[in-house]
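Protein sequence lines correspond, in order, to chains W and U. Going letter by letter, the first sequence gives residues 1 to 184 in the numbering used here. Going letter by letter, the second sequence gives residues 185 to 353 in the numbering used here.
Treat the hints as calculated values from the structure; they're not laboratory data. As the structure is a computational prediction, the values presented were derived from the model and not from experiment. Hints should not be assumed to be uniformly reliable.
What the hints assert, rightly or not - Think about it this way: if two alpha-carbon atoms lie no more than 20 Å apart in a straight line, the pair counts; the simulated SDA-like pairs of lysine to any residue are:
(1) U/Lys202 with W/Gly68
(2) W/Lys157 with W/Glu95
(3) U/Lys202 with W/Arg20
(4) W/Lys48 with W/Gln59
(5) W/Lys157 with U/Thr225
(6) U/Lys202 with W/Arg139
(7) W/Lys157 with W/Glu168
(8) U/Lys202 with W/Gln59
(9) U/Lys202 with W/Ala73
(10) W/Lys157 with W/Arg93
(11) U/Lys202 with W/Glu98
(12) W/Lys157 with U/Thr231
(13) W/Lys157 with U/Lys213
(14) U/Lys202 with W/Ser14
(15) U/Lys202 with W/Tyr76
(16) U/Lys202 with W/Asn90
(17) W/Lys157 with U/Ala227
(18) W/Lys111 with W/Asp128
(19) W/Lys157 with W/His145
(20) W/Lys157 with W/Tyr76
(21) U/Lys202 with W/Gly7
(22) W/Lys157 with U/Asn190
(23) W/Lys48 with W/Asp67
(24) W/Lys48 with W/Asn82
(25) W/Lys111 with W/Arg139
(26) W/Lys157 with W/Thr92
(27) W/Lys111 with W/Tyr76
(28) U/Lys202 with W/Thr27
(29) W/Lys157 with W/Gly130
(30) U/Lys202 with W/Asn75
(31) U/Lys213 with W/His4
(32) U/Lys202 with W/Glu86
(33) U/Lys202 with W/Arg79
For reference, the chains in residue letters:
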Amino acid sequence: MTDHGLGSWTDDLSTRERVRAIATTLTEPRSVEWVREQAQVSSWQTAKDELEMLVEFGQVQAIEGDDGNTKYAPNYQLRYFNEVTELINNHTREELREEIASIQAEIDEWKREFAVESRDELESTLTDDGLDSEAIRGRNRVLRHWEGSEDNKRLLKHALELYDDVRELYPGEADESPSSIPLS
Amino acid sequence: MIFLANRANLDTRTLFTKIHTRLLTQVPKEESPVEPMWYHTSARNKTGVRATVCPAQFLGTSYPVENAEVQVSFDFPQTYSYDFYAIQWVEPDRNLMVGWHQDETHADLGECHFQIDYQGETVQRENAAFLDVHPLNVFDQRIEDLVEVLNALTWEDGVPRLPNEATVG
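Bound-form chain W, shown alone:
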């Protein structure tokens, strides 16, 4: 690493913290050896022990890999609820509603641009005659963004639906931005 740029993500982290940083940001099932290497940890056993502890605490899942060896995968249930909780704890209801409106505006713009009513309808245009490869790639890009936007909109809606109940469980924040406005 050079003296310039930004410090490495590994700076000031202990061996176990590095394993944790990699394991909790996995995007697909990985072996102990892969995590060990990416966390820049010399001991296989240390990596294995830390991964097992993360499994015990529900931070990651242990699954059987194709080769019969254990692999470690993201816990998507936890990931989903972490995101919902973060939205509730860090934002007001109004901010969440505004974001939903802003995402919907983006989706409406895609509908107008491609003259379609839904993402599925846009997907069905990929086989249209007259679309060159660049246009197809462009529409695929929009389809991915569209899907991500719908997912984020759903997260925000769930955060709004759970807002009061979850907020009450947040120490010292129960009275923050109360609202009697229906959520739906």
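Based on these hints, arrange chain U on the given structure of chain W.
Below, chain U without anything else, positioned relative to chain W:
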């Protein structure tokens, strides 16, 4: 009924949180080049992380502009066997973008390409090494590459270019 969001979206949100936190930890340090940072488009709809940086401090040398942005986005499309990402340096004042894109475009250059855009035009595009590593390590490597690339950048007839002998990572 709860429909769990697609996993790629949760993966990207989780990763952006980690990168955002990491950049945030740099800010209090006096010598840090990182200034304000934010989620793009917002903390509620995370599609990337952007940070304003001071180029002179980032490069450890004088630099013609005072502000630049490091822009980071990741995506994990299930129809591809590799991660997508864009890690780029953007100077609004000069309308300059220098960065690495790993996506579905320019397949003739391989999975990953290096690109320079200037004044709205792509002025250079080269194949770049495919980094089959965790996104945190991809980010580290590209930031390190960025320092080398920006230091090696030349201007010919007012157009930026990375000389052929310089590495693009």
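Now the hints, each set against the structure:
no.	hint	result
1	U/Lys202 with W/Gly68	31 Å, violated
2	W/Lys157 with W/Glu95	12 Å, holds
3	U/Lys202 with W/Arg20	12 Å, holds
4	W/Lys48 with W/Gln59	14 Å, holds
5	W/Lys157 with U/Thr225	18 Å, holds
6	U/Lys202 with W/Arg139	30 Å, violated
7	W/Lys157 with W/Glu168	18 Å, holds
8	U/Lys202 with W/Gln59	15 Å, holds
9	U/Lys202 with W/Ala73	17 Å, holds
10	W/Lys157 with W/Arg93	10 Å, holds
11	U/Lys202 with W/Glu98	25 Å, violated
12	W/Lys157 with U/Thr231	18 Å, holds
13	W/Lys157 with U/Lys213	38 Å, violated
14	U/Lys202 with W/Ser14	16 Å, holds
15	U/Lys202 with W/Tyr76	16 Å, holds
16	U/Lys202 with W/Asn90	16 Å, holds
17	W/Lys157 with U/Ala227	15 Å, holds
18	W/Lys111 with W/Asp128	17 Å, holds
19	W/Lys157 with W/His145	18 Å, holds
20	W/Lys157 with W/Tyr76	18 Å, holds
21	U/Lys202 with W/Gly7	14 Å, holds
22	W/Lys157 with U/Asn190	15 Å, holds
23	W/Lys48 with W/Asp67	17 Å, holds
24	W/Lys48 with W/Asn82	25 Å, violated
25	W/Lys111 with W/Arg139	12 Å, holds
26	W/Lys157 with W/Thr92	13 Å, holds
27	W/Lys111 with W/Tyr76	30 Å, violated
28	U/Lys202 with W/Thr27	13 Å, holds
29	W/Lys157 with W/Gly130	38 Å, violated
30	U/Lys202 with W/Asn75	16 Å, holds
31	U/Lys213 with W/His4	14 Å, holds
32	U/Lys202 with W/Glu86	13 Å, holds
33	U/Lys202 with W/Arg79	13 Å, holds
In summary, the numbered hints that this structure violates are 1, 6, 11, 13, 24, 27, 29.
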